[in-house]
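Peer 1: With UniProt numbering applied, the sequence shown corresponds to residues 1 to 290, in that order.
Since the hints were derived computationally from the structure, they do not count as laboratory data.
Hints are not guaranteed to be accurate.
Claimed, not checked - Calculated lysine to aspartate or glutamate pairs in the EDC-like style (CA-CA distance at most 20 Å, straight line): (1) K193 with E162; (2) K105 with D88; (3) K193 with E103; (4) K145 with D171; (5) K29 with E203; (6) K161 with D171; (7) K255 with E227; (8) K204 with D93; (9) K255 with E36; (10) K193 with E203; (11) K168 with E203; (12) K255 with D34; (13) K193 with E67; (14) K145 with E104; (15) K230 with E251; (16) K145 with D93.
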Amino acid sequence: MRTILLPAIYTIRRLPAAKIILKSRQANKMNFNDLEREIMGIEAGCAGRIGLFISADEGQIMTNEGESFPSASLIKLPIILEAFRQADARKLDLNERIMVHPEEKVGGAGVLPALSDNITFNIIDLMTLMIIVSDNTATNLVIDKIGMKSINQLISCLDLKETLLSRKMMDFDAIHQGRNNYTSPRDIVTLLKEIHHGEMLNEKSRQQIIGIMRQQQFTDKLPALVESDKIRIANKTGELDGVDHDCAIFEYGGKTVFAAVLIDGLVDKVSGKYTMNQIGCAITDYLLRQ
Numbered sequence: 001m002r003t004i005l006l007p008a009i010y011t012i013r014r015l016p017a018a019k020i021i022l023k024s025r026q027a028n029k030m031n032f033n034d035l036e037r038e039i040m041g042i043e044a045g046c047a048g049r050i051g052l053f054i055s056a057d058e059g060q061i062m063t064n065e066g067e068s069f070p071s072a073s074l075i076k077l078p079i080i081l082e083a084f085r086q087a088d089a090r091k092l093d094l095n096e097r098i099m100v101h102p103e104e105k106v107g108g109a110g111v112l113p114a115l116s117d118n119i120t121f122n123i124i125d126l127m128t129l130m131i132i133v134s135d136n137t138a139t140n141l142v143i144d145k146i147g148m149k150s151i152n153q154l155i156s157c158l159d160l161k162e163t164l165l166s167r168k169m170m171d172f173d174a175i176h177q178g179r180n181n182y183t184s185p186r187d188i189v190t191l192l193k194e195i196h197h198g199e200m201l202n203e204k205s206r207q208q209i210i211g212i213m214r215q216q217q218f219t220d221k222l223p224a225l226v227e228s229d230k231i232r233i234a235n236k237t238g239e240l241d242g243v244d245h246d247c248a249i250f251e252y253g254g255k256t257v258f259a260a261v262l263i264d265g266l267v268d269k270v271s272g273k274y275t276m277n278q279i280g281c282a283i284t285d286y287l288l289r290q
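I would like the entire structure built from these sequences, with the hints used as guidance.
Peer 2: So this is what it looks like as structure tokens:
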């Protein structure tokens, strides 16, 4: 069972109702059109600008899917994809150890700044920290190792039209110069599909990335209301001031749903999380009621 991490007042007011809805509907069938209607109703109540792309074998649900959003930590998906691509091509040894010097530590999410200086980690462990706790220091070390140019070449190769890595994490000088990182819901779903079943990586590498994403520690958005242990979820979140994102691969009973929900213009993050909670609940409901 997944741990539900929500603000106390939100949990009291919203969570029981969501559980009851999910349980009461499981006896009835739900098709993709039902899911689309439910998603459209949920997004209509979102307090910010929302972009979403939900893709399943039965169809797609799209709102502002090609619009550009500040990527926040969703930009870490093409980074891990490029690292594994280089490893598959024998250009990168994922077991190579890298020392974390004190001057390389940056703020924001992550645990490395809290650890002792000059500890060494292998690249695979740095990427695990980059994904499961969104460690910014680990991310910057991986970018330095594989190259920002190579990451953007991969982005171009996948034809991710709205995605760009222009700066490292917590690089405020770059931000002041107008350089930022961007992506779109459609681009993120393309990345999720490439990780899940694309041809860029071998099967072992694809499964390794999904395995890392399934260890995600930030599960308070799309996965938050998923009670069933039968649903397998691999997700990656992103946050900035006024920005709240999540993307996930949902798998159950031989069916897979890819989802990206990006929201900006938020005054408070509770409303953004609530929107994503309900979307994740609806996707789970759909999978369980086939």
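Peer 1: If a hint holds in the structure, say so; if it does not, say that too.
Peer 2: Quick rundown of the hints versus the structure:
no.: 1; hint: K193 with E162; in the structure: 17 Å, holds
no.: 2; hint: K105 with D88; in the structure: 29 Å, violated
no.: 3; hint: K193 with E103; in the structure: 36 Å, violated
no.: 4; hint: K145 with D171; in the structure: 17 Å, holds
no.: 5; hint: K29 with E203; in the structure: 33 Å, violated
no.: 6; hint: K161 with D171; in the structure: 23 Å, violated
no.: 7; hint: K255 with E227; in the structure: 18 Å, holds
no.: 8; hint: K204 with D93; in the structure: 15 Å, holds
no.: 9; hint: K255 with E36; in the structure: 17 Å, holds
no.: 10; hint: K193 with E203; in the structure: 13 Å, holds
no.: 11; hint: K168 with E203; in the structure: 29 Å, violated
no.: 12; hint: K255 with D34; in the structure: 17 Å, holds
no.: 13; hint: K193 with E67; in the structure: 19 Å, holds
no.: 14; hint: K145 with E104; in the structure: 13 Å, holds
no.: 15; hint: K230 with E251; in the structure: 9 Å, holds
no.: 16; hint: K145 with D93; in the structure: 11 Å, holds
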